[in-house]
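Asks: Here is how the chains run, residue by residue.
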Amino acid sequence: MVDLRVTLGRLQLKNPVLVASGTFGYVREMAGFVHLERLGGVIPKTVTFRPRAGNPTPRTVETSSGMLNAIGLDNDGISHFREHHLPYLRTVGTAVIANIAGEDEDQFVAMAELLGQEPGLAAVELNVSCPNVSHGLDLGLDAQAVGRLVRRVKSACPLPIIAKLTPNVSDIVPIAVAAAEAGADAVSLINTIKGMAVDWQRRRPVLSYDIGGLSGPAIKPVALRMVWEVARALPQLAIIGIGGIARATDALEFMVAGASAIQVGTATFYNPPASENLLDELTGLLEETGVAAVRDIIGTLRSNRVPIQPD
Amino acid sequence: MNADPNAPAGASQRLVAVRENVAIARDTYRLRLDDPILARAILPGQFLMIRPAAEGADDPLLGRPFALYDVTTDAAGAPTAVDVVYLVVGRGTAALAQRRPGEQLSVWGPLGNGFGPPPAGPVIFVAGGIGQTPFLALGRWWLGKMSYGLQSKGLDPPCPGSAVGLSSSSSATLLYGVRTAALLAGVNDFRQVGIDVEIATDDGSAGHRGFVTELLARRLKQGERPARIVGCGPSSMLAALARLVEPFDIPCEVSLENHMACGFGACFSCVVPIRQPAGTIDLRRVCVEGPVFAASAVEWPASASPH
Ligand SMILES: Cc1cc2nc3c(=O)[nH]c(=O)nc-3n(C[C@H](O)[C@H](O)[C@H](O)COP(=O)(O)OP(=O)(O)OC[C@H]3O[C@@H](n4cnc5c(N)ncnc54)[C@H](O)[C@@H]3O)c2cc1C
Ligand SMILES: Cc1cc2nc3c(=O)[nH]c(=O)nc-3n(C[C@H](O)[C@H](O)[C@H](O)COP(=O)(O)O)c2cc1C
Ligand code: FES
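So the sequences go chain by chain: F and E.
Going letter by letter, the first sequence gives residues 34 to 344 in the numbering used here.
Going letter by letter, the second sequence gives residues 43 to 349 in the numbering used here.
One should not assume that every hint holds.
[Claimed, not checked] Cβ-Cβ distance ranges computed for the label pairs, FRET-style:
id : chain 1 : residue 1 : chain 2 : residue 2 : range
1  : E       : 338       : F       : 243       : 19 to 27 angstroms
2  : F       : 282       : E       : 224       : 43 to 51 angstroms
3  : F       : 71        : E       : 79        : 17 to 25 angstroms
4  : E       : 338       : F       : 84        : 21 to 29 angstroms
5  : E       : 146       : F       : 120       : 49 to 57 angstroms
6  : F       : 143       : E       : 136       : 32 to 40 angstroms
7  : E       : 321       : F       : 268       : 56 to 64 angstroms
8  : E       : 212       : F       : 123       : 46 to 54 angstroms
9  : E       : 65        : F       : 314       : 34 to 42 angstroms
10 : E       : 250       : F       : 71        : 55 to 63 angstroms
11 : E       : 187       : F       : 123       : 41 to 49 angstroms
12 : F       : 254       : E       : 338       : 47 to 55 angstroms
13 : F       : 43        : E       : 143       : 52 to 60 angstroms
[Unchecked claim] A few chain F residues that don't get close to chain E, going by computed Cβ distances all over 12 angstroms:
id : residue
14 : 100
15 : 103
16 : 109
17 : 132
18 : 140
19 : 150
20 : 171
21 : 175
22 : 176
23 : 189
24 : 202
25 : 210
26 : 255
27 : 279
28 : 324
29 : 325
No wet-lab data here; the hints were simulated from the structure.
These numbers were taken from a predicted model, which means no experiment stands behind them.
Glycine included, every Cβ here is placed at the ideal spot set by N, Cα and C.
Can you build the whole structure from these sequences, using the hints too?
Replies: Structure representation (structure tokens):
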């Protein structure tokens, strides 16, 4: 029996397989496809302070080995989430990580405070990076703002705090450093990458919002690179790898690159039981490889580059 | 019906074998999938997702939604396979047309709400383009010739034609509009089960030259008052249908074909503005709360543009 337990800051998971916010509905939609209690944890769709209608359709479009989305955080707000979704989520039999997005810092803090009083939550993930809702500067682009946010949320909420970072920056490391210094229990890497699809005949973008976030197998190399950069800069910081993960080998690539856990996202759309299948495969692969505990492989990747000797 | 509209009864994913994939009209194929589990569970108006890519291939990435065309049964009447009829319009359907008998496809379903029990009296189906597909199974069911989804009612195995204690509709007519006669698909299937078919084509190559809604307008003008009208097709056609039927006080349902990524409520791609009982308009997921809606509940775009 492989020991699958992993620890991310104050958060303990029975296995490293999570599902990504926005790709698993409010979890109840998935009950027919996945034995939810087997997953390491579930993360429902992002909740905002007030209800949001989201963007008009088309909200998604398929691209080469990926898809673009501009859902626009369509949700019924934090009150509805607490009344309608939390009671169900408490029954799923695994760690529930709420994912929240505020229009400003105060909304993040207010939501985290409310959730911190709710029983049955394992952690809060801060979505500081939604490419299709911010009107103006994205909070997640600014290391100082991310640090300040994490610090304020931590003092308002006793739960483990995960900062989910945007890849739409020239250097992810300073943002991760700011989150770590502010006391984040983990960072999630990555959210979707800004992109667009064009209908040249109509001279129009395909998505109603013009641009959207790219996800799926197409983004895996970018996500791996970012996880590795952050893992090398911050070996003590727990990382949750996200981006194009569909199979156990994808998960293992992220884990050796430095991720302590992973999230299955878009893969659920095109293979509804993907997360549970991945868990089975992962267990089998680790057994075959003779790995006794999955935590033993985290961050074991070594560079091919020959270090340049200082003279 | 499910108590929880967010939990489609028994939706599951499987790899199933292609039994047939044959051309039945221009760019139009009938795909027969060996899937007794789905065949036993699926109801007329529900749909399934089919992933056109081979197992392990990442392109085309997503599944595609298709309405139940019909269920086939073995000699004893037990459901064995599910038929869908599809038009090649893009990458996914083109890839699907390449799949050969014996190959495996990933499918998930049954999905969506499906139609309710048969209305007493005559019914009219209005189909535009490939929108005729839900009406074969629906016609067979509403005319009392076939029962579907009996597994979920605990009557297994079902026998075709067995009455389930429900009354049936007195007649069913399909008004079927396509661009040109070569695209007409399955007309004989409909006639064989006792559905009357009247055809419209844009170019006059078969039946009435003009829009399919003109066929309905003519009947309504002549005083025909069906117990139910059901439409499926491009949203511009459905919007015209809803406007046409509105003054007549005839219950009208539509089956929507919105763009979908998952088919089971997880992605929020497929939303449509639906008028709520309280009078507000809310974006609802077609894949869970639909694809069948009352035409009067849908907030149609002011000038719905054709696909
Ligand atoms: C509930 C439901 C039932 C359906 N039943 C059938 C059926 O029985 N037979 C059938 O042939 N088709 C059916 N469709 C439509 C079918 O799913 C699309 O034609 C298909 O997904 C197109 O895939 P593609 O990759 O070939 O096209 P793409 O390359 O994705 O698109 C090609 C063109 O088709 C349009 N398109 C894409 N998706 C849809 C869609 N969901 N609806 C309408 N237009 C779309 C695009 O805007 C584009 O213009 C149904 C759709 C839904 C939602
Ligand atoms: C349709 C869709 C909706 C998403 N919605 C959210 C969301 O509400 N909140 C969030 O933090 N991330 C959201 N994401 C991003 C995913 O959680 C994930 O970070 C991203 O898709 C990359 O992983 P993947 O390639 O495995 O999908 C969404 C992604 C998709 C495809
Ligand atoms: S298609 Fe994903 S929610 Fe409807």
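Asks: Decide, hint by hint, whether the structure agrees.
Replies: Comparing the hints with the structure gives:
1. E:338 <-> F:243: 19 to 27 angstroms: With Cβ atoms ~33 angstroms apart, the hint is violated.
2. F:282 <-> E:224: 43 to 51 angstroms: 47 angstroms, holds
3. F:71 <-> E:79: 17 to 25 angstroms: 22 angstroms, holds
4. E:338 <-> F:84: 21 to 29 angstroms: The hint (21 to 29 angstroms, Cβ to Cβ) holds, given that residue 338 of chain E and residue 84 of chain F are roughly 25 angstroms apart.
5. E:146 <-> F:120: 49 to 57 angstroms: Since residue 146 of chain E and residue 120 of chain F have Cβ atoms about 40 angstroms apart, the given range 49 to 57 angstroms is violated.
6. F:143 <-> E:136: 32 to 40 angstroms: 50 angstroms, violated
7. E:321 <-> F:268: 56 to 64 angstroms: 57 angstroms, holds
8. E:212 <-> F:123: 46 to 54 angstroms: At 51 angstroms between Cβs, range holds.
9. E:65 <-> F:314: 34 to 42 angstroms: 38 angstroms, holds
10. E:250 <-> F:71: 55 to 63 angstroms: 57 angstroms, holds
11. E:187 <-> F:123: 41 to 49 angstroms: 47 angstroms, holds
12. F:254 <-> E:338: 47 to 55 angstroms: The hint (47 to 55 angstroms, Cβ to Cβ) holds, given that residue 254 of chain F and residue 338 of chain E are roughly 50 angstroms apart.
13. F:43 <-> E:143: 52 to 60 angstroms: Given about 55 angstroms between the Cβ atoms, the range holds.
14. 100: 6 angstroms, violated
15. 103: It is violated; residue 103 of chain F is separated from chain E by about 10 angstroms at its closest Cβ, not greater than 12 angstroms.
16. 109: 9 angstroms, violated
17. 132: It holds; residue 132 of chain F is separated from chain E by about 14 angstroms at its closest Cβ, greater than 12 angstroms.
18. 140: 21 angstroms, holds
19. 150: 26 angstroms, holds
20. 171: Holds, because the least Cβ-Cβ distance between residue 171 of chain F and chain E comes to about 21 angstroms, which exceeds 12 angstroms.
21. 175: 28 angstroms, holds
22. 176: 31 angstroms, holds
23. 189: At about 29 angstroms from chain E, residue 189 of chain F clears the 12 angstroms cut-off, so the statement holds.
24. 202: Its Cβ never comes within 12 angstroms of chain E, the nearest being 26 angstroms, so this holds.
25. 210: 33 angstroms, holds
26. 255: At about 15 angstroms from chain E, residue 255 of chain F clears the 12 angstroms cut-off, so the statement holds.
27. 279: About 8 angstroms separates residue 279 of chain F from the closest Cβ of chain E, which leaves it inside 12 angstroms; violated.
28. 324: 24 angstroms, holds
29. 325: Consistent with the label, residue 325 of chain F stays out of reach of chain E, its closest Cβ about 29 angstroms off (over 12 angstroms).
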